[in-house]
Amino acid sequence: AQSVTQLGSHVSVSEGALVLLRCNYSSSVPPYLFWYVQYPNQGLQLLLKYTSAATLVKGINGFEAEFKKSETSFHLTKPSAHMSDAAEYFCAAGFISNFGNEKLTFGTGTRLTIIP
Amino acid sequence: DSGVTQTPKHLITATGQRVTLRCSPRSGDLSVYWYQQSLDQGLQFLIQYYNGEERAKGNILERFSAQQFPDLHSELNLSSLELGDSALYFCASSVGTGTGYEQYFGPGTRLTVT
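Protein chains in written order, with the numbering used here: chain A, 1 to 116; chain B, 1 to 114.
By construction, these hints were calculated from the structure, which means they are not laboratory data.
Treat the hints loosely; a few may be bogus.
In silico SDA-like links for lysine to any residue, alpha-carbon gap of 20 Å or less [said to hold, decoys possible]:
id: 1; chain 1: A; residue 1: K58; chain 2: B; residue 2: T112
id: 2; chain 1: A; residue 1: K68; chain 2: B; residue 2: K57
id: 3; chain 1: A; residue 1: K58; chain 2: A; residue 2: N24
id: 4; chain 1: B; residue 1: K57; chain 2: A; residue 2: P40
id: 5; chain 1: B; residue 1: K9; chain 2: A; residue 2: N41
id: 6; chain 1: B; residue 1: K57; chain 2: B; residue 2: Q44
id: 7; chain 1: B; residue 1: K57; chain 2: A; residue 2: N41
Please take these sequences and the hints and turn them into a complete structure.
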C-alpha cells in the first residue's frame, strides 16, 4: 500500500545544531514529495517540493531535502537550528488512489523542539 | 498568509447538529481540497473540487458533503455530528488539479462537538 512514514514523532536539537527529520515513502513509482510546517494554531505552510527535476531541493527558511530513490527517502535538513524552527513538520506524497485519482497522503508528523 | 481564508475560526456545537464550514481559495486557484486533522487520525484528505466539479474523494463520511460554487468558494457540510467529528478542518487550494501542484492551506476551522 502507498504510504508515508516519518520516523520520530518528536525530535529535539540544540540551537545551532543540525536538524534532520526523516521521511520514507512506500510506492513502486516515485511520487511528488512535499514538506510542510505547521506552527501552533496555524495552517500548514509549504517548505519545499520534489518533482524529479533535481534530487536536492532547497526550500524556505534554510531547509532542504534530498530525494534518494534507492532508499525511498526524502529527509529534511537544516544546517543550523533556530528557535523559530520549533514547529510540527509533515512529509506528504502525491499518490494515485485506488479510485484512480491523485491525492496527498501525509505522514504522522514530527514535532521539532529547539533547546536553547 | 497563504491567501486561503476559512470561516469560522472556531465552532462549538452539540451532537446531532449540522454545521457548514466555508473556504475561499487563493485568487486564481481552481482547486479546493478539504482535510481533517485529529490527534488519533492525523491529517486526512476528505475531498477535492476543481472548477466546480468533484475531482477526488478520500476518507469522507457519508454524513459529510461539500460543494464548490461558481465563484470558486467551497463549503463543507457536516451533519448528524458525533463527538468523534471534533477536529481541525483545513481547506487548501491550488491552481490546477493533480498532486504536482502546490497546495496552499488556510488557517483552519476548529470544530468542537459536545
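Is K58(A) within 20 Å of N24(A), Cα to Cα?
-> Measuring from Cα to Cα gives roughly 18 Å; hence the hint holds.
K68(A) paired with K57(B) [C-alpha distance capped at 20 Å] = Roughly 30 Å between the alpha carbons, so the hint for K68(A) and K57(B) is violated.
Please work out if K58(A) and T112(B) have their alpha carbons no farther apart than 20 Å.
-> 38 Å, violated
Given the hint that K57(B) pairs with Q44(B), does the C-alpha gap stay at or below 20 Å?
-> Roughly 11 Å separates the two Cα atoms, so the pair holds.
Has the given pair, K9(B) with N41(A), been kept, meaning a C-alpha gap of at most 20 Å?
-> The hint holds at about 10 Å.
Pair hint outcome, K57(B) versus N41(A) [Cα-Cα no greater than 20 Å] = Outside the cut-off at roughly 26 Å; violated.
Would you check the hint for K57(B) and P40(A), treating anything up to 20 Å between C-alpha atoms as holding?
-> 28 Å, violated
Checked against the numbered hints given earlier, this structure breaks hints 1, 2, 4 and 7; the rest are met.
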